[in-house]
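Colleague: Going line by line, the protein sequences match chains H and Y. According to the working numbering, the first sequence is numbered sequentially starting from 1. According to the working numbering, the second sequence is numbered sequentially starting from 567.
Keep in mind that the hints were calculated from the coordinates and are not lab data. We put the beta carbon where it would ideally sit given N, CA and C, even for glycine. Any given hint could turn out to be false.
Claimed, not checked - A few chain H residues that face chain Y, going by a derived Cβ cut-off under 7 Å, partial list only:
(1) VAL123
(2) ILE156
(3) ALA164
(4) VAL167
(5) MET168
(6) ALA171
(7) MET532
(8) ALA538
(9) ALA539
(10) THR541
(11) SER544
(12) MET547
(13) VAL551
(14) LEU559
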Amino acid sequence: MATTTISAMPPGAWLALGALLLPLVTLRFRPVLLLGLPLVTLWLVWTLPDGSSPVLPMFDYQLVLVESDSLGRLFGIIFSLMAVAGGLFALRQKSTVELVAATVYAGGAVGVALAGDLVTLFVFWEIMALASTTVLISAGGARAVHAAMRYFFVHIFGGSLLMAGIVMNLANTGSLAVEGLDASTLGGGLILAGVLLNAAAPPLSAWLADAYPEASYSGMVTLSAFTTKAAVYVLIRAFPGTEILIAVGLFMIFYGIIYALLENDMRRILAYSIVNQVGFMVTGVGIGTEMALNGAAAHAFTHIIYKALLLMSAGSVLYQTGKRKCTDLGGLFQSMPVTMVCGVIGALSISSFPLTSGFVSKSMIGQAAADEHLMITWFLLWAASAGVFLHAGIKFPWFVFFQKDSGLRPPDPPWHMQAAMIFFAALCIGLGVWPQPLYALLPEPVQYVPYTVPHVVNMLQLLLFSGLAFFLMLPMMKRSLTITLDFDWVYRALGPRVTERTAASVAAINRRWQAVGRRRIDGVFDFLTRHMGPNSVAAQTPDSSLMVLLVVALLGVLLYLRFFVS
Amino acid sequence: MISAQLPALQVVIPLLAGPACLLLHHPRLSWALATTASWMTFLIALTLLDQVLSTGIITYAMGGWAAPWGIEYRVDEINAFVLLIISGISSITISFARNSIEYEVNEKRVYIVYAGWMLFLTGLLGITITGDVFNVFVFLEIASLSSYLLISLGQDRRALTAAFRYLVVGTIGATFILIGIALLYMMTGTLNMIDLMERIPAVSDTRTVKMAFAFLTVGIGLKAAVFPLHFWLPNAYAYAPSAISALFAGTATKVAVYLLLRFFFTIYGVEFSFEIMELDRVLLPLALAGIFVASSIAIFQKDVKRMLGYSSVAQIGYMVLGMSLVSVSGVTAAILHLFNHALMKAALFVTLGCVFFRLRSVMRDDLAGIGRKMPWTMAAFVVAGFSLVGIPLTVGFISKWYLIVAALEQQWWWLAVLVLISSLLALVYIWQVIEVAYFKPADDQSPAIKEAPVALLIPTWLLIGANIYFGIDTSLTVGVADRAARVLLGVGP
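With the sequences and hints as input, model every part of the structure.
Modeller: The structure is reproduced here in structure tokens:
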């Protein structure tokens, strides 16, 4: 039967394997493949019925390469959709390596979303790590390569944690199922740690903002979508209602805001804001009610779209001007209207403005917190919404497109980049106005109605007041565009000095932690150089007599142990 | 029936091919003969494994003399598997060797390489197939002498000292093994492995038997380059001709590890080795020390071949580690890694052979920019390197997985963590090479470098293909390793 053959072969694998054809076809045919492959994958995922593929015996275990339910399909769909738009945006990317890697990367993500057991999941997980590293490397230049190296090491380390956890869990429970892992066991805990590392959770959040902004203009669009959201998917599937995740998520939310406000590089701002947004999802998973999980899943879906949209608009600016610092940019609305409008739509969505996609998804998480009477969580989520609006909703578009006139007059980017942006901008608005199709895709039935009068009014108030604060203080910012002032100002505007002190101490602790870490690493390295390095005793080849002496000594030890000790 | 004579032919074919290569005295013809002989041994090994798996243990009385008096060849799951590994690696690397050896060895001596190669192969296959411990020693000497010869044929003059040092310690190792065998013979009056297995328990509390055990452990450990008896290995690998390094990396130490398994598990038995002698308490710390020390030294090596030599020492640590867990899954992991490591290390060394063929150097700093100039070669290096690190869909992942499963089976989670950390060390030294090859611009003065010839690339990619194939379809490797481990431990399937 045709359907079983399809379901035994993961749709993600089609995408990843198909990507390897890219270098073989001519340039004229390339767009067909670049868009066709993800479209076919999208169709495959969309039409996948509930159920699982026949088990495949593979080293001792029964592997289920594909298992399809509404949650897996939701992520499979958004990952393939992202691959379509990302492919369209990157149509003229000169680096074939990046295109291949990006498509394989998307395939890995789709594979993770539909994996029926932990081993399959792990294999796709590592494919994603390899492919995303390649995307980074293909940006070229020493900075990108070094960032890629650091990124790769962090992810191989995370992969090791994950693998250790999977094996340990297997040894304890005999199960490879992704569902219902227990974070309090050692195996489950290690899996959680490995997954959280990919979600850019503390204490290793820094890899994300360190690596992603070094990618090419199109590379970062791809990178923003998959790794962290695949991690969110695994969290939803495996660890719903694990309470520590609420704290982790809230930490990520504020970490993202603080560092984004400190930042001057437009793409680094957006990178930190990924951590911030994933924090919302992680919090949702931690709350763990149906509403919260729906919210986390829906937010991952909409987040992929508007974050990609924001990065496409930032990527277009980078592509057209070659600049990425806020202080070098400004006034671009005059010559890049399409990019500006799309960027603003993305910014409104991420701030969850009513009638945008962010509004209909993020509010579910807040509502879930309220339903569970988690007052502090609820309050922090609200406060964070204002922070999101400040750093991503206003800061990014304001400094890039408006602000002072930088004198740059680049035109809008080529048609296909515009098309990709318009497509995603339309989705942002569309989902915001008609959330029902998205709700229908969610794992649990949705009774939530986002557009109630109090909710809309509350949200508008919050956004308008923080927006007002931003513009009231604008003259101050104009006088001196240093980043530190920016930072001080926001925390004073937000009111309580507590926040300020917290932010400062967080930054200080982080700095100290990094310094300690670096000293440790240096210490270890010195130690290794001394004892294992080229001039050390261990690395010398002893001359023959010393070798013989060693052999005899070892024999002596063995004999001694066996004769006189036992 | 020819098929009944297969165990003898397994050894006799390369044994005859060796002198024949000398007599031919012609580089190409000797190579053609040796290659044919090697592939024939591979086919025989394949058939033997198939027979063992379907009908059970094969015994063969050499010259028609029955076991206690004559030499018995005895093929069970474990040595059938090792025979397959050795003959397979030898066949692929000898196919690779023609261009590489002609380039690296003085033309007048090329035929000697193949003669030595055949004798070396004879020795290894003989050690593996025989069921007689004195015969093991004889074949060990054949293999050792030819390996000293093969190393010394390297162009670098340091190859001579490397060969000499290996000769000195190798001879000591062989002597220790001989002493051990002699002591056993003294106490039991037999040299046949199965008879030894039956008679040792009666005399197991004598000092002589224990002394024999110590001598055998150190002697074979030296041949297997078990840390800290590894010091001969890095230089031997570094200065031998490339194809020879690949051959050694995939076969020589593997056979020694097989001997360890044979002596500890079959001849002495699990009870004696691990309960009376408590060998695992010695092996486990040594294995871990080997893994970490050798990997760390590898990170600092400038010569990539030498780096891989140290890496081999670390990898042998994994096999010893699996062995010292004394469980079915531990021994399975050890045997699996024996196979998998042969594939990845041979693959890495042949890619270096390709590099040397064009660059005349394998110093890391000289590799700058060759990622672009030799894309196929370096892509192979990357895949094989990832296999060494243990990334999924390669054989390295399978090894790592089973080793961790085995460690966790004993609830030794710290061991699993150490194994994972050590694989990051492998990533460090492999990455250093990748970084130089791909991301460091080439020197302007360097001459134009082309991709290696297809004749070198085909065997290289065959090995890479095997690295990936056996990383996905593990039914053969895991199946056989599991059965072999059960045979060794004497537990039912």
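Colleague: If you take the shortest Cβ to Cβ gap from VAL123 of chain H to chain Y, is it below 7 Å?
Modeller: holds, 4 Å
Colleague: Does the closest beta carbon of chain Y sit nearer than 7 Å to the beta carbon of ALA539 of chain H?
Modeller: Interface hint status for ALA539 of chain H: holds (5 Å vs cutoff 7 Å).
Colleague: Next item in the hint list is VAL551 of chain H. Is there a CB on chain Y closer than 7 Å to its CB?
Modeller: Holds - the Cβ of VAL551 of chain H comes within 7 Å of chain Y, reaching about 6 Å at its closest.
Colleague: Answer holds if the nearest beta-carbon of chain Y is closer than 7 Å to that of THR541 of chain H; otherwise answer violated.
Modeller: holds, 5 Å
Colleague: Taking the closest Cβ pair, is LEU559 of chain H under 7 Å from chain Y?
Modeller: OK, holds: LEU559 of chain H within 7 Å of chain Y, min 5 Å.
Colleague: Does the interface hint hold: is ALA538 of chain H within less than 7 Å of chain Y, judged Cβ to Cβ?
Modeller: With Cβ-Cβ at 6 Å, under 7 Å, it holds.
Colleague: Less than 7 Å between beta-carbons is the criterion; does MET168 of chain H satisfy it with respect to chain Y?
Modeller: holds, 5 Å
Colleague: Hint validation: SER544 of chain H versus chain Y, beta carbon distance must be below 7 Å. Holds or violated?
Modeller: Holds. Min distance 4 Å.
Colleague: Could you check if ALA171 of chain H really has its C-beta closer than 7 Å to a C-beta on chain Y?
Modeller: Holds, because the Cβ-Cβ distance from ALA171 of chain H to chain Y comes to roughly 4 Å (cut-off 7 Å).
Colleague: If you take the shortest Cβ to Cβ gap from VAL167 of chain H to chain Y, is it below 7 Å?
Modeller: holds, 5 Å
Colleague: Hint validation: ILE156 of chain H versus chain Y, beta carbon distance must be below 7 Å. Holds or violated?
Modeller: holds, 6 Å
Colleague: Close enough to count: is the Cβ of MET532 of chain H nearer than 7 Å to one in chain Y?
Modeller: holds, 4 Å
The structure fails none of the hints (numbered hints given earlier).
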